[in-house]
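J.: Given only the sequences and the hints, what does the whole structure look like? Please build it.
Letter by letter, the chains look like this.
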Amino acid sequence: MRSRPIKTIRRTALTLSALATIGLIAGCSGVQNGASGGGSSEGVDFPTGPVELQVGASAGGSTDLLARALAKDLETPLGETVTVFNQPGANGAVAAGDVLNSPADGQTMMLVSGSLITITPLFVEEAEAISLDDIQIVTGVGREDYVLVTNKASGFETIDDVADAGRMINYATAGVGTGGQLSQNLLFDDLGIEATDVPFDGGAPAVTALLGNQVDVASVQVLEAMPHIESGDFVPLAIFGEERSEFLPDVPTAVESGHDVVVTQTRFVMVPKETPEEIVDTLADAFSEAFDSGDYQDFLAQSFITADETDAEETAENLQEAKDSYEEAARAAGIVE
Amino acid sequence: MDFTNIINGFGVVLEPMNLLYCLIGVLIGMLIGVLPGLGPVATISILLPITYSIEPVAAIIMLAGIFYGAQYGGTITSVLLKLPGEASSVVTVFDGHALARKGKAGTALGIAAIGSFFGGTISIIGLTLVAPLVASVALSFGPPEYAMLALLGILLVSTIGNGGGLKSVIAAGVGLLLATVGRDTFTGGERFTFGSLALADGIDFVPIAMGLFGLGEIFYNLDARRNKLDTPATIANIWPSRAELKESSGAFGRGSVIGFFLGILPGGGATLASLVAYAAEKRVSRTPERFGRGALQGVAGPETANNAAATSSFIPLLTLGIPANATMAIIFGALLLQGIVPGPTLIVDHPDLFWGVVNSMYIGNILLLILSIPLVGVFVKILRIRPAILAPITVLITLLGVYTVRNSIFDMVLVIVFGLVGYLMKKFGFEPGPLVLAFVLGSLMETAVRQSLRIFGGDVSGFVMRPISGTIIGVVVLLVVLIPIAKVMLRKRAEKKFGVHLKPGESVLGVALAKEAAVDDTAPVVTTADGEKR
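Which chain is which? The protein sequence lines are L and S, in order.
Quick note: the first sequence uses full-length UniProt numbering, first residue 1, plus one each step.
Quick note: the second sequence uses full-length UniProt numbering, first residue 1, plus one each step.
If you are wondering where the hints come from, they were derived from the structure by calculation, not from laboratory data.
All values derive from a computational prediction rather than experimental measurement.
Beta carbons: idealized from backbone N, C-alpha and C, even for Gly.
Worth double-checking, as some hints may not be accurate.
[Stated by the list, open to error] Far from chain L, by Cβ distances over 10 Å, these chain S residues were calculated:
1) Leu177
2) Leu400
3) Ile455
4) Gly457
5) Ile483
6) Ala494
[To be verified] If the Cβ cut is set under 8 Å, some of the chain L residues that face chain S in the computed set are:
7) Gly89
8) Ser231
9) Gly294
10) Asp298
11) Leu300
T.: Next comes the structure, spelled out in structure tokens:
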């Protein structure tokens, strides 16, 4: 008596899987024909189901919002649902480890913060960092600048005012291994003044501490400081980008003020190293279509993110360059050995 | 104060669509909040994508509804299943679950609902009147103030447990140790992670609380081979009696005030508020020995406070652009997705949004109260399900809930480990409460103390010199040194006068009352259904 239902189940399962296979093939060829940029190659079925975009930070932060804005506009060119999957931990290392261990079929990708590759290795143990050699970059996405701000009550208006204060300076950072820490660390070393870092658990508490005059200055992402710059509570002293920010055109770069400190947060998309070239190309094409969408453009402007849609090769070069220069500067300043 | 905008805000809420979204939010929040592990944070982040296509005002109204709805849903599981979904409902477990065991689950939930409504309403009125003003006061709370606030909290923690004082202190100590696991905020060095990347960011609160309280309880029951939970025979009287309301009214008032002010502070928020409210109730009570055994004030105080705090934590977000806790961070994100950057200019730039959201909370709290009264009956029925069925389902939902918080399989393993720890603790008479709360406050205190010392340039006297932290130190000294001394002196005198000998933790009045009412369940020694001498 017991064998019969099992047989029936097995038969049903076989039928279902056969149907599913037929459906999949039909579905994929439909996507290949329908998608404008995708499916340039024959023989590779991609995507074969919902695509996952991993984020190594919790929901609500700027990486997460960027991923969600992109995911929405990726669905049309890919012809599949794109789901954002948050897996916070160790500045993205937990998610990155997961993505790099998943099959190299393009179904799982990750929106990475450049600091995971360029800055984190300076401050934490090697096991947590990932190397450019381990990954396949799909495309560069955008850049967020760091801005050095002070509370208007401090009376500082330029970097030099800070240097001339003639007392110990307390500066807030968003934590160990962040661009905000590195930028201020390098700047105060270059100024040759006595300064103590006060690490907080993220950019928001660092901003709060500066609002409450608990610290003298802070280097945070433009989005985090902007409402307070606009309200007049914060005075922006310098931008740590290579060039001025399009959102704060009147604020000089640190370099313009005579201090060779360039630190930015870049974001890019990666997949596992062995992912076939055709799939990487299909993904890259889908992203460039998403970048052009009006909704995405609006999102960038609202979040003060500068578009930086470099191709895989250029992105890798930029990251390597940034990593080398951070390392050299940190070494020269005696921050790391 | 511009009253036109406030009135217009009501106009915004009462638009049918916004009202609908408010109702949907409260309902979804409450239903999902009932699932163990899925607290407000998880619920809102799961539902965030839905808000993309909705108008900004409606979207935030719905998210706010989910927030306080889920907060109340978490209370339901704390009372019925001893499963706090969030740090802020940990203390509700102590008396809420004890009441449920006495067959007063309905009363506990009714009191919690009314308290939540009361606290929420008071907080909203406060928010309306003094939001911009209060927000700037909150800014004067820097690391030194937090350090002292956390110290005060940890001292209060050690008085919460029902076990011996020493056992509470040991449990709190373990909590403090667990809080040190993870990356050192200051050096990036790893502590007690044993090379595991999964531990690099420390242990999440959710697996600890759900493991110790939830799974620990289930394991304990399995071990005791009891095939029957102490299911209350009758579950009636969801609406509390007049006497019960009168008994709780003081707690409603104190909880509202405590919650409102502590909710505004970035950081601790609702957790600190519920904890302080519980400790406050225990201190003002004439019968503190009833706490942990089903004191109504032990539910009313914290539940009122955490809802008041949840509401007032909108103040720093909407007026300063500072998300005070994880939930507010996600709502911050939701506003950004809508193209609105919260900050000091929000009230001026988007008065309809600001007052619309604020006023939606009046409506939402009324909806919550209306919905919870009939639905409590449904939830209470859960208790009637046989443990053989309920236990595995609870374990499964717990594991799923824990997974969804950080999408982490590791956390599922952790919850089982802490389940075993919770079982052992219960078996040997340790309270999990002090452990969990010390864990929450421990990392706050460590970071704040170290930040403060950096700010002071290493000078410890900085703590005393700052007005607010100095005041808190004064309170600590009062609580730890002066009051105990005074109590001992008073007790000696009372013992002489009444000719009795008091055990620690008993008040003179309590013993006197107990003698009077030796027959009813308010007496200090109660044998609960699981055979424990309490």
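J.: Which of the listed hints are broken here?
T.: 3, 4, 9 and 11
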